[in-house]
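A.B. asks: The residues making up each chain are set out below.
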Amino acid sequence: MKKIEAIIKPFKLEEVKDSLADLGIEGMTVSEVKGFGRQKGHTEIYRGSEYTVDFLPKIKIEVVVADELAEKATGAIVKAAKTGKIGDGKVFISTVEEAIRIRTDETGDKAI
Amino acid sequence: MKKIEAIIKPFKLEEVKDSLADLGIEGMTVSEVKGFGRQKGHTEIYRGSEYTVDFLPKIKIEVVVADELAEKATGAIVKAAKTGKIGDGKVFISTVEEAIRIRTDETGDKAI
Amino acid sequence: MKKIEAIIKPFKLEEVKDSLADLGIEGMTVSEVKGFGRQKGHTEIYRGSEYTVDFLPKIKIEVVVADELAEKATGAIVKAAKTGKIGDGKVFISTVEEAIRIRTDETGDKAI
Amino acid sequence: AGSPTLEQRIEDLEAYINNVDRPSGDASKIKAPGPGHNAWQMVSTALVLFMTLPGLALFYGGLVRAKNVLSILAMCLGITGLVSFLWWLCGYSLSFGSGNPFIGDLSYAMFKGMTPGGVGAGYWWISDYIWAMFQLTFAIITPALIFGATAERMKFSAVMLFTALWMFVVYFPMAHMVWSTTGFMCGPLNADAGIKAIDFAGGTVVHMTSGWSALILCMILGPRMGFGKVPMPPHSMVLVMVGTGMLYVGWFGFNAGSALGADAIASNAFTTTFLCAAIAGLVWALAEWMLRGKPSVLGFCSGIVAGLVVITPAAGFVTPTSAVIMAFAAGIIPFIAVMYLKKMLGYDDALDTFGVHGVGGTLGAILTGVFADPAVNSVVGPLKEGLLAAQFKAIGLTVVLSVVATAVIAFIVKFTIGLRPSQDAEREGLDTVDHGEEGYILE
Amino acid sequence: AGSPTLEQRIEDLEAYINNVDRPSGDASKIKAPGPGHNAWQMVSTALVLFMTLPGLALFYGGLVRAKNVLSILAMCLGITGLVSFLWWLCGYSLSFGSGNPFIGDLSYAMFKGMTPGGVGAGYWWISDYIWAMFQLTFAIITPALIFGATAERMKFSAVMLFTALWMFVVYFPMAHMVWSTTGFMCGPLNADAGIKAIDFAGGTVVHMTSGWSALILCMILGPRMGFGKVPMPPHSMVLVMVGTGMLYVGWFGFNAGSALGADAIASNAFTTTFLCAAIAGLVWALAEWMLRGKPSVLGFCSGIVAGLVVITPAAGFVTPTSAVIMAFAAGIIPFIAVMYLKKMLGYDDALDTFGVHGVGGTLGAILTGVFADPAVNSVVGPLKEGLLAAQFKAIGLTVVLSVVATAVIAFIVKFTIGLRPSQDAEREGLDTVDHGEEGYILE
Amino acid sequence: AGSPTLEQRIEDLEAYINNVDRPSGDASKIKAPGPGHNAWQMVSTALVLFMTLPGLALFYGGLVRAKNVLSILAMCLGITGLVSFLWWLCGYSLSFGSGNPFIGDLSYAMFKGMTPGGVGAGYWWISDYIWAMFQLTFAIITPALIFGATAERMKFSAVMLFTALWMFVVYFPMAHMVWSTTGFMCGPLNADAGIKAIDFAGGTVVHMTSGWSALILCMILGPRMGFGKVPMPPHSMVLVMVGTGMLYVGWFGFNAGSALGADAIASNAFTTTFLCAAIAGLVWALAEWMLRGKPSVLGFCSGIVAGLVVITPAAGFVTPTSAVIMAFAAGIIPFIAVMYLKKMLGYDDALDTFGVHGVGGTLGAILTGVFADPAVNSVVGPLKEGLLAAQFKAIGLTVVLSVVATAVIAFIVKFTIGLRPSQDAEREGLDTVDHGEEGYILE
Ligand SMILES: Nc1ncnc2c1ncn2[C@@H]1O[C@H](COP(=O)(O)OP(=O)(O)O)[C@@H](O)[C@H]1O
Ligand SMILES: Nc1ncnc2c1ncn2[C@@H]1O[C@H](COP(=O)(O)OP(=O)(O)O)[C@@H](O)[C@H]1O
Ligand SMILES: Nc1ncnc2c1ncn2[C@@H]1O[C@H](COP(=O)(O)OP(=O)(O)O)[C@@H](O)[C@H]1O
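Line by line, the protein sequences give chains W, L, R, P, V and H. With our numbering, the residue at position 70 of the first sequence is 70, and numbering never jumps. With our numbering, the residue at position 65 of the second sequence is 65, and numbering never jumps. With our numbering, the residue at position 74 of the third sequence is 74, and numbering never jumps. With our numbering, the residue at position 315 of the fourth sequence is 315, and numbering never jumps. With our numbering, the residue at position 220 of the fifth sequence is 220, and numbering never jumps. With our numbering, the residue at position 281 of the sixth sequence is 281, and numbering never jumps.
Be aware that one or more of the hints could be misleading.
Claimed, not checked - Among chain W residues calculated to face chain R with C-beta under 10 angstroms, some are:
no., residue
1, D18
2, K90
3, I93
Simulated from the structure, these hints should not be mistaken for lab results. Quick caveat: nothing in here was measured; it's all calculated off a predicted structure. Beta carbons: idealized from backbone N, C-alpha and C, even for Gly.
One chain only, chain W, in its complex shape (with noise of 0.2 angstroms):
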């Protein structure tokens, strides 16, 4: 199995997640995360102080899914997640070697 990893704008989430229900993956599992890179932050002023804010909010998707969708899910994803502006995110994937779904004990592929 692979787990692909997806580094996204936050306000792409909702489109991120139904283009991937059109591949009939219907599990996922999201986190929020704090980006840094090129994509530039803004500036707070609080009274004498002033800083930059450069790690912008993102969200992670983790999908974990057979072989032979990952190439499916990655393109999905890339798709629905991009604006063409700098920030858009990444993915990555890897390799999972094992996936077990707690409620059944159920294994590969059957698990996710």
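Chains L, R, P, V and H with the ligands: place on chain W using the hints.
C.D. replies: Frame of chain W; chains L, R, P, V and H with the ligands shown alone:
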């Protein structure tokens, strides 16, 4: 070494932690995530507008263990996290090539 | 490519970020996590009930780098994050098969 | 007037207790503000300011998404400063100078001719200064109410400019027409009023003007990005409830303070306000319970505010039992407006300023005509006949003025400095974009 | 009574200043409410409502876990609406209609026969309406206190039903017995009182009834899931402290307002309240510091509330120095109850309603008997002898009534609509389950 | 004094309305507190306590990082308890006992000789007890202000010890010198005052002492770890704004309450306070807008507080128009101090206590000398000539006393129990270290 990622129901954290401790695993990293899957969410209504919250709060446990411990640890997690109800979550296992303890520069199994 | 996951003490984030920047690594993803390990937590008392908080706030840095950069990056992180006190954290290294920059569809080392 | 006799001096003292004019007039040895009445007026003024800072700021602030909470707070703070300055400069004078039936004059500009010990401008025993400050708190909260409808998508600069213009075109004239002795709609005080309507504490001046202006402004502004598609839940129901509690408590100053003395009418207004709000909150929540399955905290809060809005024009004119009846109307009719009417018409009244203040204010003005009782307040007697018709006329005039003026002002602002931020700015949130701050930095 | 002489009219005016009855009675030319006293009564009423909305809501709301914060807010809002309606309908009349020593009658149902200008029902110079509203605020906060003990595990519907029944069986009778001129335990006003006890502002009526009822109810309800195993820390100590500040400030209305006039007794009550609360907070925190190693914000807040509870029945009867002494008792005895007694007995009094209000209220009733001073308040003189015994009798009657009635009502609710939500619901949290809302949506 | 004539009795009643002394003195039939004035004094006292609990606690608490929010709350709560105890014990007596020009005596220790009905200690018609409580609220908030400068890095035990010493060496003497009839700097009441200065509500006693003490203390304490390197943004601008609103509303008690009666002077003070604060907030935000690009919520809040500080010594002495002029100074000069002066000098005045209260208080004291107007308040007349010089002398004395005393006390604390926590403790945050609690537990 193996990295075990478990997505569980939040109220199961203590039990899972204890069952890992029983195996002598006294280190882990935990984060709050939101899960999307078969388990249905709840509906919220604010005046006119009604919507369903389908991202459910989950806890993600990451624990890196020596290869020989991986199976035992996985079993312990699955056992402790199980309620038998939809939404119990998943366990994913993957390979970690190297681990370093920052404090001591120890590497490999000694680091964890 | 390699994925470096570092669990560090929160107040070390800036230093780690800067030391990576010195290596020309200008992208990373950061999240707040809670760590459990040798480092002891503190005790809180609310009226009658007293309990120990043994999950401590940590910062998790995820950075994907080209293979040749992995060692240097790891070293830089360890050096910057070290205080020598229990709880400094860990670094874990694993393999990433593919990376894609959503904005440009670039893949591989060019994507990061 | 020579020096008063003992009996006249006693009559003056009795006049203080009974909150009526000093029989010996200028000769009176007690021309200063009357302590009990003046104390209550100062308390009321503080309470109404409390309704805006922080009451309304929290009520509205909790209802928006976290990224826009500071834009609401800044709106309340900015309006407080701007309107206070205008009020001192000429606003008070334009509202309460005699002028003509539609607008005052500049005789009190910069509080000219007013003195610390002066009384009578507002009522017999309260300080003229406190009267001016009490009215200022109303002038502050009214425009602030409008921007609930436009929340999360209007530039701070546009909010300020709109407010400055709106005060001159809508608020000052309305306050003058309804509450000044020479006002066109001031039934109780102006024998020659064109429309002999009554409005105890601001159903038309405050709630109808803000509510109807809000409707037009949010239509001209257009809906928030993603309105109807992405969920936009309140970021903190806790703040909403805190704000509601503050509005409720502060409203005693708003309504009972409008008696301009700690007298029987104030006591009546206090009582009708208390009952109508509490029960309207319950009714709204019960309506939700029956029609939507669950009674919500937002339902209770919305009902309380609706109850307060509806009783405002009636507080000193109706009996407690009438207030209870009005509470049922207040809990149901704005509920329907917010739950169904808004969906039907599809405008994005973000925080339901129109649904609660526009609809509730209009409802209150009508019910005041229905329930006003001479046994409660003697001013009702001579006006009772034909009162309901007068109320409808006042409603008509208020709606027309608010709607037309708001439309004109909104387009002026739109084509000068513009009303809305860029799409990226709206997406990022107004707090960092307009104010360079974040509401919460918890890590 | 013919028209009064000049001297009588002067005497009437002096009576206003001194807050005593008008010598010329019905003939008086100043039969209206007295501005200074009535102003203070309106302020006090607003302050006591502020104690519940949002004071208590925040104090309790901050102490629960985030998933249940709205259930506390909804409880306070729901009770405010329900009790206000009942109060207007018959509650006020059942409490203060003459009736018999144990309960009033329906003579004032729906405020029948009451007028805006009416005075004397509560005291000489305050409006009857405001008296009714002032008492209403007490009737609202009392049941709300109970549900601190049952927090995080009682259905909203059960809270509402329990409250409706409890008001009739416990609150209205208690208010009548202790504060009505015909009441069985009303020492100061009822010469034929069966128990000649004194309770200045509600030690028995408010704090003992709620505290002891809370104990029984939380025992019948059973502990929260995971009680004693999983940590259940307050989700926001900031809200707890804000609520404490509001309770403290509002309590000046509760205690000094119970003088029913801005007079010497009010001044005394204000002073004893201020000192007892501030110092009890310090004492509680110092006790923690010595016994637990750290002074906590929750310790300060708990001590302040305990100090307020303990001084409540005594505020207008004891000297400031007695209040300081009582502060030490208030900072230590409830502290012990909360820290150790609760653990020993093992019941889950979630927010320590019994530990603070039950224990503190009982302690206050006793210390009132000890420290009440005729030099402070003349009503004490004739009752002083045998007062302590009378206080114990009043305590006994109050405890028995609260305990028995609560047990009966609790079982009625349990076997009709049920008291507790399902286990899944309790685990998910009452906010989404009972109200379909979340307290905070920060991302 | 035999029993007064009808005319004298009428004069006494008129004296109540006019808030002057009873002509018939001890013989008067109305020696009790005057209801209207006393009611206002009780309200004002409650309002000023509200400024600290929870007003200042939220204003300061929101400005620190989340890990230290409770340390601010505990500071406010601890000071409230400690100072209340000291005040009852001897603080009130040392401040207002006749004693000598620099300090009072122990004649009122433990409120000896005071009675519930007593009047005259503060003013003609307010209860002596309420006068003592009103002054207590000032004694509480003054030290609490100091610890804004030292936020996030001073041990709770050190805060408590410093406060205990500082009250005796700085506050009690200053309160005596400025406000006691025998005080060295009490121009209005003491004909033999060494410095005939005026301070209506505490520019020197409250804001200058706390502001200048804060400057010295934060310098001795040293900056926070990472100051200037790591960002230390306010963790909740929402709390800051809520606190500001509470401070604003409470300040009406602070300033208008300092008239010691609900009279013309109170009305004037209320009005100047309202206008100066609102407009100063606007001015500060506009200054930011022009110089930094964006008007911030913190800018509005800072300006409001600065406006309140600047008007404090002048509130009952200047006209509304002067207050508007002062608002511009209040919005600009502290702004410059906070924005630029602090950076230049490099001290870590964490929450800008010096920048706002020290600079603003000094500015207010000067402007009071400039704008004080006999037409507003008759006490100004005889003092007007040479007033500005007297104000400067008072400023000098206040600064010297505050600076020297603070330095000495700070070193005493430093070398006994120590001022700062360990580096690890400071990094972890004071909430868990000093109080064993967390401000928020949201998951
Ligand atoms: N090397 C990396 N490792 C992990 N995450 C990265 C890396 N580089 C970028 N990211 C994540 O991707 C996000 C977007 O990257 P950025 O350089 O800002 O824009 P773009 O994706 O258009 O190149 C960053 O905010 C960060 O969260
Ligand atoms: N393919 C997946 N990749 C990553 N996480 C998943 C995936 N499928 C499910 N999850 C996680 O597991 C949780 C439980 O899955 P769900 O389908 O709701 O119930 P069950 O575990 O009983 O099948 C989800 O909330 C989500 O966090
Ligand atoms: N086996 C593990 N798997 C994942 N994370 C771990 C593991 N062991 C420790 N950690 C993380 O590293 C942090 C520091 O570990 P700890 O044992 O406290 O100190 P040290 O790093 O000095 O050994 C922990 O808080 C936890 O977040």
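A.B. asks: A separate judgement is required for each hint: does it hold in the structure or not?
C.D. replies: Do the hints match the structure? See the list:
A cut of 10 angstroms between beta carbons decides the hint on D18/W: the least distance to chain R is about 16 angstroms, and the hint is violated. Checking K90/W against chain R: minimum C-beta separation of about 6 angstroms stays under 10 angstroms; hint holds. Taking 10 angstroms as the C-beta cut-off, the interface hint given for I93/W holds, the closest approach to chain R being about 4 angstroms.
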